[in-house]
Amino acid sequence: MFAASADNIVTGSKLLMELLGADSSARAEIAERMRAAEHAGDDATHAIFHQLNSSFITPFDREDIYSLASSLDDIMDFMEEAVDLVVLYQVEELPKGVEQQIEVLARAAELTAEAMPNLRTMTNLTEYWIEVNRLENQADQIHRKLLAHLFNGKYDAIEVLKLKQIVDVLEEAADAFEHVANTVETIAVKES
Amino acid sequence: MFAASADNIVTGSKLLMELLGADSSARAEIAERMRAAEHAGDDATHAIFHQLNSSFITPFDREDIYSLASSLDDIMDFMEEAVDLVVLYQVEELPKGVEQQIEVLARAAELTAEAMPNLRTMTNLTEYWIEVNRLENQADQIHRKLLAHLFNGKYDAIEVLKLKQIVDVLEEAADAFEHVANTVETIAVKES
Amino acid sequence: MFAASADNIVTGSKLLMELLGADSSARAEIAERMRAAEHAGDDATHAIFHQLNSSFITPFDREDIYSLASSLDDIMDFMEEAVDLVVLYQVEELPKGVEQQIEVLARAAELTAEAMPNLRTMTNLTEYWIEVNRLENQADQIHRKLLAHLFNGKYDAIEVLKLKQIVDVLEEAADAFEHVANTVETIAVKES
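Going down the list, the sequences are from chains A, B and C.
Residue numbers -5 to 186, in this note's numbering, belong to the letters of the first sequence in order.
Residue numbers -5 to 186, in this note's numbering, belong to the letters of the second sequence in order.
Residue numbers -5 to 186, in this note's numbering, belong to the letters of the third sequence in order.
Be a bit skeptical, because a hint or two may be false.
No copy is singled out in the list; a pair is fine if it fits within one copy or between any two copies.
Stated by the list, open to error - In the DSSO-like style, the derived pairs of lysine-lysine whose C-alpha atoms are separated by at most 30 angstroms in a straight line are:
{"#": "1", "residue 1": "LYS184", "residue 2": "LYS148"}
{"#": "2", "residue 1": "LYS8", "residue 2": "LYS90"}
{"#": "3", "residue 1": "LYS158", "residue 2": "LYS148"}
{"#": "4", "residue 1": "LYS8", "residue 2": "LYS184"}
Worth flagging that the hints you see were computed from the coordinates, not collected in a lab.
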């Protein structure tokens, strides 16, 4: 079930990719598909909670399952929020660094989707964990440079506020990938 | 004791309601009463921690009690911060959406206060949990529209920054209600 | 190992102190030393996680050790971010309240470094916990007044955005000190 949730996040990250360079009618349609993906994510999360509720024995600690499902849900929420804000704020053009942010998220989404099935066997998780932490550091650097660009650039203050909100939400998505990786590590620590 | 903490939050949400439409001298007086309510909340939180400290057997897991008390405390802190910022920033007029935010918080406060006594019997908690999650989604929509209004409206940048801080803090209060509901759900999962 | 991590935070808080009044070339050099301190902090955190991984019996609950190490790591990250942003945004002059923020952080760092060795004997931790909570309240007041100063002062909107980011990160560092203190309290509750 975590794999389904992570596959959904890959869908979301591809929609973010499509958003770059889309015109305003295409954006509205991407936002629509993103909302559908987010609802699918909510359903996956509730299925995990329901299963958790009705199971006496769980493969890992209940708290860790809960935390993992919540963090996967958060990622989808942040990605959906980013698309929604681009439409809602009628942003003309996204600064170049946003593309880099989204590329990092797409890579983290792929790695997360690949890692989830390995929770069964508890193998190959260290590489995943290290790589997602490395990606989060990279996302952090991109985010800081983007803000410096917004603050020192040619934007007016209100435009800066709109764009800042969007790049901050994308940074929160990167952080949420790290939370997923950290929970996976916690599970691995307990199983070892 | 959780019920006392939640009743205090109802008091706080009523003070937020009073803040709307209050002139500057009335605001200062509301801020004073809000601070008193927040101190009462702190006392309730410390009473719970003290009880936890001196009890060998607890009705739920210690961590969940700790988390529940902390989240209830957070709600009060955010509500107090919102009032304090309105006074501190000498905000002239609050945009209309703030009233909607506060109405959602007031409803969540009522539901939370009604649900707390049900922790004894573990009944009627599912409805509470679902409804608070629904309210949080609603708060989220109101918050996003408020920001779009601030960014696309007639406000100057500094005024936007002041108002954004206030509406963000109110959104954090709505999130904290959801944390309380999620902790209640975690407790219910464990008890089932 | 927690003591090593906390000592490193004291180093970080001293670098923050040096930052005040440093010219731009001195700032770049302080940022360099801060990065080194942050890397040392990362190594300390990973050493704790590795030890946790390879130990069958741990002095406290694994989750609490994990949480304590993570929060100590967060403090270092926020302090490093603050210095990096001052350099990156080419901030001319920091408002006076920033000095007060940093003084509170330096005091919290000292108290935390003194408290960590006491985790062995579980003595003198109540005073530490109460004092760090008091400092966090003080930091919160300074932070709110700083924002009011930025919003009502002589700054243009973009400058306000830069400075707000920096004072917000310093406030997050103060919050992270409180998280450390709260985790210490949780450990003390369980041991009592």
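Item to complete: Go through the numbered hints given earlier and state which of them the structure violates, listing their numbers in rising order.
Response: Numbers 1, 4 - these are the hints that the structure violates, sorted from lowest upward.
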